[in-house]
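Enquirer: Using the hints, position chain B against chain A.
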Amino acid sequence: MANPFQNLFKKIFPHKEEHSELRNYPIFKTLNSRELQFVYNCLHHREFKADEIIFEEGFPLEVIYFIESGEVELSSKKQPELKHILKENEVFGLVDFFFGGKRRMMAKALSDTTLLALAESDFKELINRQPSLGTKILWSSCQLLAKTIQEKNASI
Amino acid sequence: MNWNRIIFIILLLTLIVLGIIFYSPIFIYLIISIIVAYIFDPIITWLEYKGMARWIAILSLYAVIAGLIAWLIITYIPRLLEQGNQLIKFISRSDVPLNQAIVELPIVNSIYEFIQKVDQTIPQLSLLPQFNHLIEIGVQKLGQLPQILFSNFQSIISTVALVFTIPFFSYFLLKDKKKIRQALVSLAPNKYFELTLILFNKVDENIGNYLRALLLEVINVGILSTIALTIVGVPYAIVIGAIAGLLNVIPYLGPWIGGFAAGFVILVSGLPPIMIVWMALALFIVQVLDNYVFYPVIVGSTIRMHPLVVLMTVIAGSYFGGVVWMLISVPLVYMTYSLIMALHKNLKEFHII
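So the sequence lines, in the order shown, correspond to chains A and B.
Counting in the numbering used here, the first sequence runs from 1 upward without gaps.
Counting in the numbering used here, the second sequence runs from 1 upward without gaps.
These aren't lab readings, by the way, just hints derived from the structure by calculation.
From a predicted model like this one, the values you see are computed outputs, not experimental measurements.
The C-beta atom is built at its ideal place from N, Cα and C for all residues, glycine as well.
A couple of the hints might just be wrong.
What the hints assert, rightly or not - SDA-like, lysine to any residue: derived pairs with alpha carbons at most 25 Å apart:
(1) B/Lys179 to A/Asn41
(2) B/Lys50 to A/Leu82
(3) B/Lys177 to A/Ile12
(4) A/Lys124 to B/Tyr236
(5) B/Lys191 to A/Leu61
(6) B/Lys50 to A/Leu43
(7) B/Lys191 to A/Leu145
(8) A/Lys124 to B/Lys117
(9) A/Lys49 to B/Phe193
(10) A/Lys102 to B/Ala188
(11) B/Lys348 to A/Ser76
(12) A/Lys102 to B/Gln182
(13) B/Lys50 to B/Ala63
(14) B/Lys175 to A/Glu57
(15) A/Lys108 to A/Glu57
(16) B/Lys191 to A/Glu71
(17) B/Lys191 to A/Glu120
(18) B/Lys348 to A/Leu74
(19) B/Lys175 to A/Ile127
(20) A/Lys77 to B/Phe193
(21) A/Lys87 to A/Glu57
(22) A/Lys124 to B/Leu343
(23) B/Lys345 to A/Glu120
(24) B/Lys117 to B/Tyr236
(25) B/Lys177 to A/Leu36
(26) B/Lys175 to A/Lys108
(27) A/Lys124 to A/Lys77
(28) A/Lys124 to B/Ala188
(29) A/Lys108 to B/Ala63
(30) A/Lys102 to B/Leu195
(31) B/Lys345 to A/Ser141
Claimed, not checked - Heads up, incomplete: computed chain B residues facing chain A, CB under 8 Å, no partners named:
(32) Tyr49
(33) Tyr192
(34) Glu194
(35) Asn201
(36) Glu349
If we strip away everything but chain A, and leave its shape as in the complex, we get:
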C-alpha cells in the first residue's frame, strides 16, 4: 500500500517520464530520465520511404541509426551471402563506428521507416561530458556486441 502522503505528492507533482521509449534500445536501457533527456537532445528524426537507400557501402560514417519503426536491410556487394534484416528497436552502424568510421555495408529501407540518428561527435561529447552516462552507454554497447558474437559462435 502506498501511503496517502505519497499519493498526494504524486497528485500535486504528476511525474511523467519523458522519452522513456528510448529505453527500448538496448544501449540506452539503463539510463535515468535526466540522461535520456541529454540523449534525446542529440537525436535527429529521419523518415525513409520503402526501397530508399539510407547509406551506401564505403561512405564515411557520421551517424548511428536506431530503428523506431519499419524494416532495414543491410547488405554488402563484396559478400553477397551476408544479409541482415533489422527490425524495430535495433541499432545499426555501431560496429562500424567502433571499427574505423567507414560503412562496410549498404543499408536500404524495406518498408516505410522512421529512424533516429545519433551523430558520432554528439556520441563522443555525451561520453566525455558525462562519464557516468558514458560508462552506462559503453557498458550496454559491449553487452550488445558480446551478445552478437555469442549468437554468431552458437550458429557456427
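Expert: Coordinates of chain B only, in the frame set by chain A:
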C-alpha cells in the same frame, strides 16, 4: 518537372525574399546575439552537464554579468561625471571663445605644439592650417550636439531598445541550441543528411572556437599591454592597451598599428623620444609572450594563413568596407576556405561529385 511544382517553388522563393526584406532591420542584432550566444555557450553547457537546467544557468550568468556591469558603472560613473562636468564648465566659460578654450585643453595644446614643430622642420607640409580647420569643424559639431541628440531621439530610443533585446535573443538561442540545430538539419534531404551534419558541425565548431579565442586574445593582449606600458611609464596606458588588444585581431599588421599609436601618444605628450624604444620593447615582449606562451594555450592552433594572404585580405577588406571589414575579413576568408575544403572532401567521399 511539372508546372505545379515550378509555381510552388517560385511562390516559396518570393516568400523567402519578402521575409528577408521584412526581417532585414534586425539581422545585425541577430548576428550580435549569435556572437554573444557562441561566447557564452561553453559555460552554459558545462553548467548543464553539472546538473543545472539550461535556462537557470543562462539566467544566473546574466545576473552575474549584470552585477559586473552595475559595479563598473557605480565605480566609474562618478569619475566620468566629474570629468564631464569639468569639461562642460570649461566649454561654457563665457570670457573665452569656445575655439580658444578647446585649444587650451592640454592634449590639444600639445598636439598643436607638436604640429607647429613639424611645420617648422618641414615647411612645405603646412599642417597647421589643416589642423585649425579640423578643430573648427570639431567645435561646430560640438555646438550642434544637443540638437543632434534631440533630432535623433527616435533612433536613439530604438537603439537602446534593441540593445536590451539582444540578451533576449541570446537567451533563446542559448536555451534552444539543440532544437535549433535539429530543426535546421531536418531540412536536409535524406541523401545529404550526413553530409549536412558534418558540415554543420564543422562550421559550428570553427565559428565558436574562433569567436571565443578572439575574445580571450583581445582581453589577454589588452591586459598584458596595459601592464607593460604602465611599467614603462607611457601615459594613458589603459586606453592604448585596450586599442592594442583590439588591433591584435588583425594578424601581423595589428600589433604594428598599436605600436604606432603608442609612439604617437609618447611624441605628443612631450616625453623624451627614447621612451619609444622602451615602449616598443615592452610591446615586443607582450607579443612574444602572447605568441609563444598564451596563444598556444588559449587557442591551440586555429588560423594558420600565409602572411601574404593575410596582408592581401586585410587590404582588400579595408577597400571593401573600412575598419570593420579589416577586422572581420581574415576570419571570414579563413572560414570560407575551411568550409570549402571540408565540403570538397566530403562531397567526394559521399560520391556526389
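Enquirer: Please check whether B/Asn201 passes as an interface residue: C-beta within 8 Å of a C-beta belonging to chain A.
Expert: 5 Å, holds
Enquirer: If you draw a straight line from the CA of B/Lys191 to the CA of A/Glu120, is it 25 Å or shorter?
Expert: 18 Å, holds
Enquirer: Using the nearest Cβ pair, does B/Tyr192 come within less than 8 Å of chain A?
Expert: 11 Å, violated
Enquirer: Check the hint pairing A/Lys108 with B/Ala63 against an upper bound of 25 Å on the C-alpha distance.
Expert: 51 Å, violated
Enquirer: Are A/Lys124 and A/Lys77 close enough, with their CA atoms no more than 25 Å apart?
Expert: 30 Å, violated
Enquirer: B/Lys175 and A/Lys108 were given as a pair; does the straight-line alpha-carbon distance stay at or below 25 Å?
Expert: 36 Å, violated
Enquirer: For a C-alpha distance cap of 25 Å, please report whether B/Lys50 and B/Ala63 respect it.
Expert: With Cα atoms ~19 Å apart, B/Lys50 and B/Ala63 stay inside 25 Å; holds.
Enquirer: Just to be careful, I want the Cα atoms of A/Lys108 and A/Glu57 compared with a cutoff of 25 Å; is the pair within it?
Expert: 11 Å, holds
Enquirer: Is the Cα-Cα distance between B/Lys345 and A/Glu120 25 Å or less?
Expert: Given that 25 Å is the threshold and the Cα spacing comes to 18 Å, the pair holds.
Enquirer: Straight-line Cα separation of B/Lys177 and A/Ile12 no greater than 25 Å?
Expert: Violated - the C-alpha atoms of A/Ile12 and B/Lys177 are around 31 Å apart, more than 25 Å.
Enquirer: Please work out if B/Lys50 and A/Leu43 have their alpha carbons no farther apart than 25 Å.
Expert: 21 Å, holds
Enquirer: If you draw a straight line from the CA of A/Lys102 to the CA of B/Leu195, is it 25 Å or shorter?
Expert: 14 Å, holds
In this structure, the earlier hints numbered 2, 3, 4, 7, 8, 14, 26, 27, 29, 31 and 33 are contradicted, and the remaining ones agree with it.
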